[in-house]
Every structure is written in structure tokens, then in C-alpha cells.
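Participant: Residue numbers (my numbering), protein chains in the order written: chain A, 1 to 250; chain B, 1 to 305; chain C, 1 to 353.
Since the hints were derived computationally from the structure, they do not count as laboratory data.
Don't take every hint at face value.
[Stated by the list, open to error] The calculated DSS-like cross-link candidates involving lysine-lysine, where the alpha carbons are at most 27 Å apart (straight line), are:
(1) K169/B with K102/A
(2) K93/A with K169/B
(3) K93/A with K204/A
(4) K169/B with K79/A
(5) K59/A with K79/A
[Claimed, not checked] Okay, the calculated bits of chain A under chain B, using three or more residues with CB under 8 Å as the criterion:
(6) 65-76
(7) 167-177
Ideal placement from N, C-alpha and C gives every residue a C-beta, glycine not left out.
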Amino acid sequence: MAEIMLQVSNMWVHYGQVPAVRNLSLEVHRNEIVCVVGPNGAGKSTMLLAVAGALTPTKGEVRLNGVSVVGKAPEYIAKLGISLIPEGRHIFKGLTVEENLKVGAAANADRSSVENNLRTAYSVFPVLAERRHGAAGMLSGGEQQQLAIARALMSGARLIMIDEPSLGLAPKITEKVFEVLSELRRSSGLTLLIIEQNLKRALKYSDRIYILRNSEIVFSGRSAELQASDDLHSAYFGLGQAPSNVGAGQ
Amino acid sequence: MMGYFSQTVIDALSWGGLYALAALGIGLLYGVLRVINFAHGDFITVGAFSLIVPSTQATAQLALGALPAPLLIIGTLLVVTLVALLSDLLVFRPLRGATPSTIMIASFALGYVIQNIVLLLYSSRPKAVDLWPELNEAFGFAGLRIPQLQIWTVTVAALLMVALTVFLKASSYGIEMRAASEDLRMARLLGVRANRVIALAVALSGALAGAVSLIIATQSGVVSYQMGGPVMLFAFIGTIIGGMGSLVGSALGGFAVGFSSVILQAYLPDDIRPFRDAILFALVILILVIRPQGLILVKTMRERV
Amino acid sequence: MRKIDFISSSTPLFLVMVLFILAIASWLFAGTALNRAMIELLVRVVLVVSIYIFVGNSGIVSFGHVGFMAIGAYAMAWQTMLPLLKKNAMPGLPEFLLTGNLPFPIALLFSAMLAGLVGLLLGTVILRLPSIAASICTFAFLMIVHSVYSNWGSVTGGTSSIVGIPTKVNLWVAFSGAAICVIMAGLYQLTRYGLALKCTREEEIAARAAGIDIFRQRLIAFVLSATLMGFGGALYAAFLGAIYIDAFYLSQTTMLLAMLVVGGMSSLTGAVGGVVVISLLTYVLRGLERGVQLGPQTIALPSGTQEVVLGVVMIVALVSSRSGIFGTRELGEIANRFRARGAIWARFQPSND
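Between the sequences and the hints, there should be enough to build the whole structure, so can you do that?
Facilitator: Right, dumping it as C-alpha cells:
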């Protein structure tokens, strides 16, 4: 098995007194695509924000390549090679496309590689090259998603976490975005942790999935083995009584 | 008549430039930090008072003001920048993430403290400061007599704005600062160091306040412990009509307010002239009612480029 | 629920009782100087509680309330001064004000109403704005009032003092004023208007979604608050007997805001408590500025110390109230902040389908 890149163990995150993530453990191996699925409000976004340092876990451990990052500032964690594309993408609308990409390079200590990364980004996403001096706010939803991904790549991050890349996009464009992500994984050896609402799509593109419901992981397993599993559907839709754990990822 | 009009316009341009600088200082801090800094006016006061030696005499002895021009300018900007950074450290940083109301009251209190420290050190007497008297000599041009200082004011304001624009557009710090002012959390997630960007914005805001205090001190020849207040309020009104938080909008808004204040001053009938500020504020409040998002639609302008 | 209602409805009564005990104590034991300080304190309770009604319940800071105070104070002078004095100091007043003078209670009422009316006009205009812009506009309002009253010499005496306002405010008048104000504030909070406004303070978007007309709720509080502020200003004028426009400017604003802030901006108890604490502090500082006999020599703080200390106390109160309430749970606090933002972000997202 490939080495573990990100390991989250027994993490709790609270909003005030209310736990939003309970005792969550998951791991992401190098060059893997892992999807986290679950209904709204299950704590998926909170989990990503906590891993990226935008929120601080109340308990538990987060290790990136074996190094603990709990309690570290987001800008520090970004420098360690994680890039988070949060829900809604958060493009800097007042900046141009190219300026957005340059901000993306802020975590990149190696300033000389910035020009290189910029060229790569434009070759992967030609539409961005066309509109490089246009305001990012004028891009369409799909283009903004591409910009968000390109921006995340600018730092040279090895692990990209994406919160609902399909949000606000037409299904066809969403498929395209996932195709690009799969391709990037193959060509540049990226590791991806993706939140996705659509279980079918998650199974199609990921190596493994986790299902998060009511702030807890209720299911995890290898996507290929799970296409038709009944357990999975009951876990996702909350039909089953006890949380089951296939444990294929352990 | 034509002469009076042209003189007024030149006057208006120079005040417009001055208020644009003040509004930029305020807009920068609001843009990056979401801090409504009511102490900005008192930063300006500090800059002006750093020119003279603390005393209660009416005729002031020059302190920084006695230095040769380049050192004088750098010294003044440095003093105000330090005061701004110190304010950030002691007041704004502990309040990061607090409600806007809390921050507003805190900055109001900060301004009050600074103002009264100046009062303690220098007394409440306005003091004459004669900086560069040669600049008040008029300069003949096409039948007009323009004080050199006004030309300097307009030029300095324009240069500073160009420099700031270049910094914000072309340098990586500038781009990161603009990104942070739009969405600080996202910028941090991308590795932009929040504290560095914030400190830089605070320092720039302070330096702008320093520039404003130098111009005002030269122009009026008098400094007083309450001098910053009205400038700040005009500038604030400028940032509001400029759409809050947009730097270009702030500068344009500040310019508009300064410009119209001079025009009002020149063309209001004598008996209502004393109410100029009241009229101006009332006008601005009315404008805001009609256009709550501000008068200058920078965002759409920018997005259409 | 019953119990909470009981507690919140008895808070004003409890506060009035505390003020009553203070007043009695001062009446029984204190000399004239301390008695005057007590009256000043009670008038300040009126002023701070008035500001609290708007600021505390809406969460929007007003820097302009001292403007309403000035309006009330000058209205008191216009109505109650002897015609002879008025002709001399403010010859530009309209005939009906110049020739007559009104009894104190009626003058109080009219002063409050005038301030309320101005509050209605201003509020209608500015309360539609985003709250930060509204706050800055209140500051502009303060400057407008100051500029108009300083320059309109024939009606306000300009920047010089107006003397000869009949001093009708003794300890018991001041106490009654404070009691009325505290009880009105308490009652307002129990009405559906007060409750609705508090909702808008906590969650503006949710309140709007629940069908609360935010502008209207804010306006109601603003007008009530301005009216009582005018009432307080009138009391202030009739307590001192002399007023000048610079007394209604930044220092006054800072003093009243400090009182509001030190006790906690969003509680009535805090507002009253803040008045007591800051009054004590300024009383002591004023004494120290005059000088303290230490053996053979007098040691005095330089004048201006009072202002600096007041500002510093305010900042410290603001900073520490944040850490006081949330401090030990830094995490929860940050989380809350992000959740609030996330919630707002989420509302602007296009829907999933």
C-alpha cells in the first residue's frame, strides 16, 4: 500500500458547544482520489477547514506526511503542501485571472517555479490563458472552478482538497471537471480529497470513499468494491440502524 | 470672473487630492482589515505635531521640522507609521474578528486617547509652523497666480496615487494585499501571510496619513490638536460614497468630497457659507439614501474591463 | 420561560431601586459637592440608557446621540429662560419663544419631542444604509449639529455660553428622570418591537427571512432613543443652568460611550453599571488633576489625564470583554466566527440542482 499522506485521527471540531465533527478518522494515501460523501450539514466542509487550519480541532490529530499540523495557521499549512478549494470556490473576483493565479503561488517558496507553474496552468486550462487579463468575476461557473483548481496548483501543493466541485455547475461541466482532476492525478501525481454530494459520481472517480453523516464517519470502503453494495446505500440515506463499517480502507 | 473660477478649480483640485490621500489611508485599512479607523484623523495630527518640539508656547520650536526636506519627510512618515503599527498591535490585533461596532468604538477611543496625549504634551493652543515658506509664493501662469504649494499638493497626491496603484497592481505584495482585502480567509488558505499583509496595510495607511499631515501643515501653517478630525470625516464620507473598501472608489470619493467642499465654499451665498460642512454632510447623506451602495460603481467598472 | 420573563421584567425595577438607594444615601449623608456629582450621575443614566436603547438593542453604534442631547438642551434654554435674557443672548428666536416662557415639565416634554422629531428625520434617511455606513453618518450628524449650533449665533448664541437657564433639576427630579428612562428601556425590551430588534442584532439575515422589517424596527428604537436623549439633554441644561455647544461634542460622546461600553454594550444593567463606574473614575481623576495634598506639597496630575485614562479604560474594556466572555474558549470563538461567515457564504451559493 502506498504511503499515507494525510492522516486524521479522532478529530473533533466544535462550533461553540456544538460538535460539528465527532471523532473523525480518515487517511489519504499518496496519489489517491478519496471522496467524502454525505448529506448537507454532516460536517464535511468543517472537516476540510479544520485540516487546512481555518478552524482548529478541539481534539484529535492531523498529520501531513507524518508531521502534526493541529493548531497551525492556514498559511503555514498551505506551505506544507496542502491546498484547499473551499465551498463556493472563493475566486478573487476583483482580481484578474492571472492575479488570482499569482496569489495562488503565495505558498510557493520557490519563486522561480512560479512562471513555470503559470505556463503549466495555462496549458492545462487554455480558457484561462485566453482570459488571463480579464476580471475573474466575469468568468462562468465552470471557468471559475477551473481557475480555482489552477490556483490551487500554483503553490505546487501535493494534496488538493476540494469542497463540492460540482456546486453550481451543470452536470456536463461537472463531469469535465472530474475528468481533469483524474487526469491531473495521473499526469502529475497529485493526491485529491474531494467532497461530493453525488454518490454515483463519487464512486465513479474515486479510489475510496468515506460517508459522513451527523458529524461522524458511518462508512468507508473501496469504491470499486462498493458499486452495488446495499450497506452503502443504507449508510448514505440513513436507512440502516447501526453504522456499519466495511473497513476496506483500514 | 473667469480668473476666480480657474483659481477655485485649482484650489478644489488640491483639496480634492488631499482628501483622496486621506480617504485612501482609511480605505486601505478598511479594505484589508475591515477596520473602521476613527483614529486616522489623529494619526494625521501626530504627523503634524512631530514637526515641533513639545511645549505649551504659541510659537513652536521646530523638531523634525528643522531637518532638511528629505529627512523631514521620511521622519514624519516614519513617526506616523510607527504610531499606526503600535495602534494595530495594542488595539486592532486584540480585536481581530470582533464586531464592526466594537472595532469602531475602540478606534474612536484610540483617536480620543491620541488627541489628548497631544493635548497633554503640546497644550490646546494652535501653533504656527512655518515649513517651507517659499512654497507659498505664487507662480504666474496664463494670467493666473497659483501658489506653488497647490501645484505641489496636486502633484504629490497624484504621484502617491500612481505609486500606490503600481504597487497594488504589479508587485506580488500588492496583489496579495488586494486578494486579502477581498477575502482574507481564502488568501490565508493559499498561503498569504495574514500578519505580514495586515502590517503592511497598516504601515501604508500610516504613511499616507503622514503625507496628509505634511501637506496640511504646510498649507495652513498652523497645527492644532483637533486638526485631524474634520479631515478624517470628509475622507470617511469619501470612502462611503466610493463604495467602502474599494481603493479606487475611496480615492475618487475622497477627491469628490474635497473638490465639492471648495466649490461650495466659493459659491455659497455669504450668510450660509458657515454652514458649508453641514450642507456637505447633509448632501452626502442624501446621496447615500438614493444610492446606498455608494456613488461610484467601481466594482462593475472593474469587471467590465 | 415564565422565569426568564420574570427576571428580565424585574431588571429595570431592580436598577431603579439601586439608583434610589444611591440617591437616598447621597441625600442623607453627602455634602453639596457630592450631591451635585450624584445628580450628574443620574442625568448621565438618562443619557446612557437612551443611547443603549438604540445601540444595545440594534448593535449599530451611534456617534451622533450627543447631537440629540444638544438639541434637547438648547430647546430647554429656548423655552424656559427669562424673555429678557433670551432677547439678549438669542435675539433671532421666533416671536413665540422670545416673548414667553414655559413651565419646566412642559418644556421638558417639548425638548424631548423636538429631539425625537429630528431623530425620526435622520433615522428615516440613514437607517436604510448598511450598518457601518449608518454609524459613520451618525458621526456626520454630530458634526452637522455642532456646526449648525456653533454658527447660528442669533438662535444659539454661537460658540459662547448661554447662561441663565432656570435650574430646576434637583436630586429627586434627576432620580425620577433616570427611573422613567430605565423603566421605558426595560418595557421597550419586552415589547415585540424590542424583541424583534434584538433578533436583527443577532442574525440579520435570519431576522429578515423571518419577516422582520429591519428598517422599521431600527427606526422605532432610534426615535425612542433620540427622544429620551433630548429629554436627558434638557435635564442636563436645567441642571447646570448654563450650556455651550462644545460641551456636546467629542468629549461628551466619548464619556457616554465609555459608560455604555464598560458595562457591556448590550445589557441595560451594563449601561447603568457603566455610568456608576465611570462616574466614580472621573470623580477621582478630576480630584487628582486638582491636586492631592501629600505632606507639604500638592501633587497634581496634568490636566488631560482624565481623558486619556477614559479612552484607555474604554479600549481595555472592549478588548477584555471579548476575552472575558469568549477568552478561555478561543477555539469555539474562532469556530463561531467562521460558522457565521460560512452561513452567510452558503446563502449566496447557487443551489445544487
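Participant: Which of the listed hints are not met by the structure?
Facilitator: 3 and 7
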